[in-house]
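The numbering of the sequence shown is this note's numbering, which starts it at 2 and goes up by one.
Source of the hints: derived by calculation from the structure; they are not laboratory data.
Treat the hints with caution; some may be incorrect.
As the list claims (entries may be wrong) - Listed next, the in silico DSSO-like pairs over lysine-lysine satisfying Cα-Cα at most 27 Å (straight line):
1) Lys144 with Lys122
2) Lys139 with Lys122
3) Lys144 with Lys101
4) Lys290 with Lys273
5) Lys211 with Lys290
6) Lys88 with Lys125
Please read these numbers as outputs of a predicted model, since none were measured by experiment.
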Amino acid sequence: MSLSEAIKLVNTYSNLSEYSINWSKSYILPLRKEGWNVKNVKKQTLPIAKNIKYLGINISTNWSELFSLNFNPLLTSIQDSTQRWIKLPINLLGRIAAVKMFILPKVNYLFKMLPVVPTYKWFKEINSVINQFYWKNKPPRIKLSILQKDKKHGGLNAPNFLQYFLATQLQYVIHWLHPNSKKQWIDIEQSESGEINIQNLPFLSNSVRKYPLFKNPGIATTLTAWWRANKLINSDIIPCIFTPIWHNPDFLINNKTFIFPKWEKKGIRQLKDVFENNSLCSFADLCRKYALKQKYFLQYLQLKNVLSSRINIKQNSLTPPPLIQYVHSGEKKNFVIKTIQKYKHDE
2 MSLSEAIKLV
12 NTYSNLSEYS
22 INWSKSYILP
32 LRKEGWNVKN
42 VKKQTLPIAK
52 NIKYLGINIS
62 TNWSELFSLN
72 FNPLLTSIQD
82 STQRWIKLPI
92 NLLGRIAAVK
102 MFILPKVNYL
112 FKMLPVVPTY
122 KWFKEINSVI
132 NQFYWKNKPP
142 RIKLSILQKD
152 KKHGGLNAPN
162 FLQYFLATQL
172 QYVIHWLHPN
182 SKKQWIDIEQ
192 SESGEINIQN
202 LPFLSNSVRK
212 YPLFKNPGIA
222 TTLTAWWRAN
232 KLINSDIIPC
242 IFTPIWHNPD
252 FLINNKTFIF
262 PKWEKKGIRQ
272 LKDVFENNSL
282 CSFADLCRKY
292 ALKQKYFLQY
302 LQLKNVLSSR
312 INIKQNSLTP
322 PPLIQYVHSG
332 EKKNFVIKTI
342 QKYKHDE
């Protein structure tokens, strides 16, 4: 369909529905550059936009531009605001409260709305701007990391923007683990994940980066935040009792992921299904537990060989990461933040 035909169709609908479009305030945002005739667009007097702003978010067709279009302007705006407020007669507690009320909601909005991982440099810069506001451009008397601790650990509960970002993304991990929630984006991300069940994504290593599913911005951002959160508290994700066996990039036969359909139908899906008392179950035990037939003994040997090449199958506690019990329980964001703070404090 040509542009003129599309405009004509919209105008026809407008006449029937009595909803009109102000074409003088309209722009065209090309989703693809291929096959786009700019000359035809100019004839229709519709300007081409490289990005558009919707509900405070600058949207571009290029995913890599989302960070520079949104997070950098926000940082500049925060810097301007804090410089205006810096001479106000507010004590340290009041300044922390001001950041929580006026700055944190804006930052959290971008964290939630955009599938983007802010750089370490960005977090460092915003911390520097906020710290200058706390201490009125004077040398800090207390480290920012101490101010960000909760009060019982000697802090003042100042916002830790990195932890808020991680906690925001961990909410999506909770939805992955509880897919019964009626959210259409879960179905979309499951279709992008292919053979890998979306419930298994948090329990895969970063070797999943080489798979097509990691090209999905939402999945990539959430997984990156999940790995970073566990690294922050020195927690190992792999292996644990929830590590999937089938279609796992770390468990390969002939350099390919695999699945034993008959085993999967019997309910064998994760390491906890084939481990007992911290050791791999014998084939006889699996036969009794899952009613497997003797003809699957060769598959058992294959599975044993694959698992033994990656983990200790004789003595492995497979204890899940500390954050797992919280995301499994579907706890709220502030509870996840307190969990991260707890393990950071206990280091």
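Do the hints match the structure? See the list:
1. Lys144 with Lys122: holds, 18 Å
2. Lys139 with Lys122: With a Cα-Cα distance of about 22 Å, the restraint between Lys139 and Lys122 holds, given a limit of 27 Å.
3. Lys144 with Lys101: holds, 18 Å
4. Lys290 with Lys273: holds, 13 Å
5. Lys211 with Lys290: violated, 36 Å
6. Lys88 with Lys125: holds, 23 Å
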